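Chemist: Using the hints, position chain B against chain R.
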Amino acid sequence: MNAQHQPTGSAYFLTQETQQSETRTLSVLVSNEPGVLARVIGLFSGRGYNIDSLTVSETEHEAHLSRITIVTTGTAHVLEQIKHQLERIIPVHRVVDLSIRAREAGNGKPLERELALIKVKGVGDNRVEALRLADAFRARVIDANTEHFIFEITGRVSKIEQFIAIMGPLGLVEVCRTGVAALNRGSEGM
Amino acid sequence: MTGSNTQITGAEMVIRALKDNGVKDIFGYPGGAVLPIYDELYQQDDIVHILVRHEQGAGHAAEGYARSTNRVGVALVTSGPGATNIVTALQDALMDSIPMVCITGQVPTSLIGSDAFQECDTVGITRPCTKHNWLVRDVRDLPRVLHEAFRIAQTGRPGPVVVDIPKDVQFALGDYVPPSPINEQKSYQPKVHGDLDAIRAAVEMMKNARKPIIYSGGGVINAGPEASHLLRELVQLTGFPITSTLMGLGAYPASGENWLGMLGMHGTYEANMTMHDCDLMVCIGARFDDRITGRLDGFSPHSKKIHIDIDPSSINKIVHVDVPIVGDVGHVLEDMVRLWRASSAKVESKALAQWWSQINGWRSRNSLAYTPNKDVIMPQYAIQRLYELTKDRDTYITTEVGQHQMWAAQFYGFEAPNRWMTSGGLGTMGYGLPAALGVQIAHPDSLVIDIAGDASVQMTIQEMSTAVQYEAPIKIFILNNQHMGMVRQWQQLLHGNRLSHSYTEAMPDFVKLAEAYGCVGIRTNKPGDLDDAIKEMINVDKPVLFDCRVADLANCFPMIPSGKAHNEMLLPDEATDEVVANAIDSKGKALV
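Chains as they are written, first to last, in our numbering: chain R, 153 to 342; chain B, 4 to 595.
Derived by calculation from the structure, the hints in this document are not laboratory data. As the structure is a prediction and not an experimental result, all values here were calculated from the model. Incorrect hints may have been included.
A short, non-exhaustive set of chain R residues, derived as facing chain B with CB atoms under 8 Å [said to hold, decoys possible]:
#  : residue
1  : N184
2  : G198
3  : G200
4  : N202
5  : H236
6  : Q237
7  : E239
8  : R240
9  : H245
10 : A317
11 : G320
12 : G323
Label pairs and their calculated CB-CB ranges [stated by the list, open to error]:
#  : chain 1 : residue 1 : chain 2 : residue 2 : range
13 : R       : P321      : B       : S503      : 39 to 49 Å
14 : R       : G258      : B       : Q121      : 22 to 32 Å
15 : B       : D198      : R       : T175      : 28 to 38 Å
16 : R       : M342      : B       : Q121      : 39 to 49 Å
17 : B       : A419      : R       : E340      : 21 to 31 Å
18 : B       : A345      : R       : E212      : 40 to 50 Å
19 : R       : R246      : B       : E474      : 44 to 54 Å
20 : B       : Q121      : R       : R246      : 38 to 48 Å
21 : R       : R199      : B       : R213      : 34 to 44 Å
Ideal Cβ positions, reconstructed from N, Cα and C, are used throughout, including at glycine.
Chain R extracted, bound-state conformation:
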């Protein structure tokens, strides 16, 4: 009976987790004070939750508010716990599950974008191919010499993953990614 609803929490939880995991994007509005990010990250590591992506920056300077965007994976039950546990943190103002909001509004998924900087080294055909593909992906060249490019690409996570995979055999050197920034469609704020 209860076991189907179980999170990882109990010492007496013996049956296998049968619920499906899903990925959600959470927006967390916090006071921008020292240690607030450590509180959020510590909560995830301490309670064994997943972080697929995390982005943070102050978004309202006068009110000293920062917006943390977390992409996480878990069962519906664990995801509910994550939201409640985040809300227990004193400097957390609001936690919004953007994925749920988008679904409720009939928008499918929230708008999600990520930025990546990608360094590719090569000469000859590889170099020409890399530049051609970058153009197709609408990646911009932000640095180059005769042996390398650094591309800047913005888009959905899947697009960036795909671009990085294609660059692999063409001389991929290193990648830096920002993690996901997300908003929901429409005129309403969080």
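Modeler: Here is chain B on its own, set in the frame of chain R:
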């Protein structure tokens, strides 16, 4: 500069803020990084400082103080080891929702991060074991942070907070601001009133229940004496049976007609069977701990569940509930009692009577029975006698952790809230003695007894010296069986009775130890001498170490073995050596 005449130091602000927040006693230990605050303490008489012998003792004493008064407990310790030593007490207070403000000294801001002498990352270390914490780098923030600390510690779900104050901030001058009645914090707004529709739905379900039970917890105690009063009223109105967690004992009186005893791993047979077979469970201020639920997929499989809790994260955390009510137990119970009275629906009195007759059948199983012994003191008997000889007095009980703690919960009848201080969530051996000290400081004329085990008590026994210094006549009633009894019991259950390091071969002479500390030692090992010895303990106006030699190998029953459900209890009369050895299967062995 304006206002320079009225400016005071950070250290002075600490004292002012303590006074303005109603603090009368604090527990602490000085050191380099808190000397300015200690200097201010020296120059005033309003706040009494109790000098402990180890910072963990300060923490547990503050917990005992808080639990027995429903006020905030305060501890003051230095940087580095002072802060790390109190971590156990902070986590203990966090898990049991005890309001505590802990002020720690820190190295000067200019030295933070330089591995200075007695430096540690206090806010980093205590972040996961506090409700909130602050490092105050600017004296201008200090008054606000201190007031906020008190507010956060005692509102919502109570808990411990740490304010870390660098030494230069303690010396710095600034303007003191008294606490403001207006809450300036926007992000922390605990909800105290429950949703009326949910409460109405709950009342409706309760009226229709045929096999109900009320399962209450420490949240009722935290909500104040009025909440306990309302709980009693609700039980009387409904006629429902009631059980409670370890933390909730005393909210409903043990002598009450509807009382089933504690539930859970060492709860009574009737409480656990009633939980298992009920069709409606009303959980009030408890959190479905694993020591309560037993095996989850066998936990009360046929019931609808109502859960009242102030912490939204407690709802649906372990057990899925049908009607969650987020709010302060006191407020919710008030609404619930009012709506119950207003509702015209009638209870299923015939079904209830049948339910009670079933419960009485379980009760008659007498699950707390033990075999009496004329020559050796049975630990259960010792608690029973202690109870009989102290129940008519103004008594507070604390415990350590282990078998003695469970026996105390089973055999000592608590009639009122705030009389029972024990480490439930964290299970901290060494909690009881300093907690008793804290209780005694808050209630100087009451009888305060720590029911202890011989192993636990040695973890914080140095606080006897504190008790002597402050003439706090705490009574440490040690059930001495020379073993870590609960560890030994589990080794018997799980590990083929191989008693790996659970026997204490060298034991101090507790009577001589008592004398060495300047208090009184009493020893008894005969059942016939027990009453007189307990009376002597009560009558001595000094701290007492009571070495009560009890049966070595007694086990604590009844018990839900690991990995089993409420209806699979091991009862004392069925617990032969063979049954005990095979009670837990291979899956259950892996559990804690």
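Chemist: Determine for every hint whether it applies to the structure shown.
Modeler: Quick rundown of the hints versus the structure:
Violation of the interface hint for N184(R) is found here, the shortest Cβ-Cβ separation to chain B being roughly 11 Å, above the 8 Å cut-off. At its closest, the beta carbon of G198(R) sits 5 Å from a beta carbon of chain B; the interface hint therefore holds under the 8 Å criterion. Nearest Cβ of chain B to the Cβ of G200(R): about 13 Å, over the 8 Å cut. The hint is violated. For N202(R), the interface hint is violated, the least distance from its beta-carbon to any beta-carbon of chain B being 18 Å, above 8 Å.
Of the supplied interface hints, the one on H236(R) holds, with its beta-carbon coming within about 4 Å of a beta-carbon of chain B, less than 8 Å. Taking 8 Å as the C-beta contact cut-off toward chain B, the hint placing Q237(R) at the interface holds, the least distance being around 5 Å. For E239(R), the interface hint holds, the least distance from its beta-carbon to any beta-carbon of chain B being 7 Å, beneath 8 Å. Hint on R240(R) holds. Least Cβ distance to chain B is approximately 6 Å, under the 8 Å limit.
With 8 Å as the threshold, the beta carbon of H245(R) comes within range of chain B, its nearest partner Cβ sitting at about 4 Å, so the hint holds. Residue-level restraint check for A317(R) is violated (minimum Cβ-Cβ distance to chain B is 38 Å; threshold 8 Å). At its closest, the beta carbon of G320(R) sits 39 Å from a beta carbon of chain B; the interface hint therefore is violated under the 8 Å criterion. Violation of the interface hint for G323(R) is found here, the shortest Cβ-Cβ separation to chain B being roughly 41 Å, above the 8 Å cut-off.
In this structure the hint that P321(R) and S503(B) lie 39 to 49 Å apart at CB is violated, the actual value being about 58 Å. In this structure the hint that G258(R) and Q121(B) lie 22 to 32 Å apart at CB is violated, the actual value being about 59 Å. Remark: the range hint 28 to 38 Å for D198(B) to T175(R) is upheld by a beta-carbon distance near 31 Å. A beta carbon spacing of about 44 Å between M342(R) and Q121(B) agrees with the range 39 to 49 Å that was offered as a hint.
Against the hinted window of 21 to 31 Å, the Cβ-Cβ separation of A419(B) and E340(R) comes to about 51 Å, which falls outside the hint. The given range of 40 to 50 Å is respected by A345(B) and E212(R), whose C-beta atoms sit roughly 46 Å from each other. At about 52 Å, the CB distance of R246(R) to E474(B) agrees with the hint of 44 to 54 Å. Distance hint for Q121(B) and R246(R): a CB-CB separation of about 39 Å, consistent with the stated range 38 to 48 Å.
Taking 34 to 44 Å as the suggested C-beta distance range, the pair R199(R) and R213(B) conforms, at roughly 38 Å.
Taken one by one, the earlier hints fail for this structure at numbers 1, 3, 4, 10, 11, 12, 13, 14 and 17, listed in ascending order.
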